[in-house]
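> Take a look at the letters that make up each chain.
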Amino acid sequence: MIDIIVPIKQVPDMERVKFDTEAGRIDRSSAAGEINPFDLNALETAVQLKEKLGGSVTTISMGPPQAESSVRDSLARGADRGILLVGKEFAGADTWATSYALASAIKKLGRFDLIVCGEKTVDGDTGQVGPEIAEWLGIPHIAYVSQVREASDCAITVLCEMESDRYGIESPLPTLLTVTKDINAPRLPTFADKMKARKASIETWGAAELADVADVASFGLKGSPTRLNKVIIPSEEGRKGEVFRGSPEDAAEKVADALQALGMLGSAK
Amino acid sequence: MNNEDYRGLMVFAEQRAGKIHPVSYELLGKGTEIAQRLGIEVSAVLLGSAMGDEARELIYYGAQKVYYFDNPVLRDFDLLNYKHNIARLVNEVKPETLLIGATHLGRSLAPRIAAAIHTGLTADCTSLEVGDEGNLIQIRPAFSGNIFAHIRTTTRPQMATVRYKVMQKLPRDVSKTGQIIRKEPEIIDSVLKIVDKQTLGGVNIAEADVVVCGGRGVKSAADFSLLDDLATALGGVVGCTRPVVDDGWMGREHQVGFSGNTVKPKLYVAVGLSGSPQHLAGMRDSDVIVAINADPSAPIFKVADYGIVGDLYEVVPRLTAEARKRS
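Quick note, the sequences are listed as chains P and W, same order. When you line the first sequence up against this note's numbering, it's residues 1 to 269, in that order. When you line the second sequence up against this note's numbering, it's residues 1 to 327, in that order.
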């Protein structure tokens, strides 16, 4: 038996989301929210371990009320229980305050054996929340995990990728993993799974529910040690954009000329 | 503790198998520039075993002080011992800024340090500036590279991981002098056990000056030999997109893109790939981009300096021949 927690984040669909270059603004209403794609790999990892060893999978998310749809989606994909941290106290959190709130919720839950996180989110791109949660909880972590080799209810052995180095690492439980997209292909929920999830209840916790395990003043923007000064949305950089459509011989020669003029070909190289 | 009590800039000197990772020298270069502007000192922290010579290298590249923790336990990356000893050192020395390379190791280690010492951390910066109040403005891409966020830290030290190959290292100067301060590490039970280790040989795509990258337009694994020939003629290496890796045609070490490697070569040749946002996120900072694609509307042409609309099977061999002719 292994009780697993998967922190998930609702992110905008990156294929659709629009960026306002002039105003330096991300138009989040331009795209529907979905579970961060890396978190789907984390959830799949957790569900496979549960299927093998028995136990449970709980997802926890922090976000606006509409993030409930992503928590519900996680139930359709194999989680047994879903919790959403919601409320203005949590808003505007950086990775430090986010990891603190999520770790506090995990403390509140009590017993667990394993936490599985996605490597990073597609909107924040930081990859910091997982390792920070582990530090708050005083447990080890292994990042960039691309394979679970062995798992029991007291230890786990994984493959960890550090650029060109690959380490087989064994950790006692409880521990935290952050997993890469290579670890698995997340399952698609069936219609029956979706229907069941639609009826399931999602627990919502506010900051008050965590007051006995956390310093509520450390949540959200107030607790965040980093601040966003501004956002710049670059218009496409000033590339030459010279396109050749002639015969392959001609085009190849022209590009080679251009590269030679830049010193990337020939004697100047 | 007041922010004013923190002074100086510290760089984490990452090492693998006893060799300093070049990103550490780059951070010393950038750190020196910032420190000179603020009139502060640049130090480095190195954890390893029998690395006295390497500690001196850090001085040649700009460190005025090197805090060196020497213990066999620290030879390989030991997350909890690294974290424990760096957090202790930071609490003792109190640097106002702590920079860490945004390698996998750095991005695994830095958040733990930040949470342990209760300070803010900015991930994967591509630019660092000094603000009006002498604070660090940390600039980083987010939303898969679509935006750049400017971030400041209200706590100290200001911590940031910084992407490899964006900062400039200083020329190695053996006349530079500095202090190597040996620190006694406090070794804790590391809990995590490395059971085996494998180093992938061959291509290191993030280091290459020229990358020839193939996508779905290449019809078979064998056809990548066309790209090999071009890469050889240009003095570069072959990369590929994610679908090519998913098909098992090439290893992940070749993959360029958001979930693979970020590359910034002098020359990037995109062959038969359309240029998805995820792919562009991994290569858009290349100095010169050449795109070869049959579809003139492919997004890759929007970021290319030179584009050839045509059949890659006709274009690539001819470009190879041109490159050979001129070498």
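Check each hint, because a few of them may be wrong.
Cross-link-like lysine-lysine pairs, in silico, DSBU-like; alpha carbons within 30 Å at most [stated by the list, open to error]: (1) 176(W) - 181(P); (2) 94(W) - 219(W); (3) 219(W) - 254(P); (4) 254(P) - 266(W); (5) 108(P) - 230(P); (6) 176(W) - 165(W); (7) 183(W) - 181(P); (8) 254(P) - 325(W); (9) 325(W) - 52(P); (10) 94(W) - 176(W); (11) 254(P) - 88(P).
No lab work stands behind these hints, which were simulated from the structure alone.
> Report the numbers of all earlier hints that the structure fails to satisfy, in ascending order.
Hint check: 1, 2, 5, 7, 9 and 11 fail, others pass.
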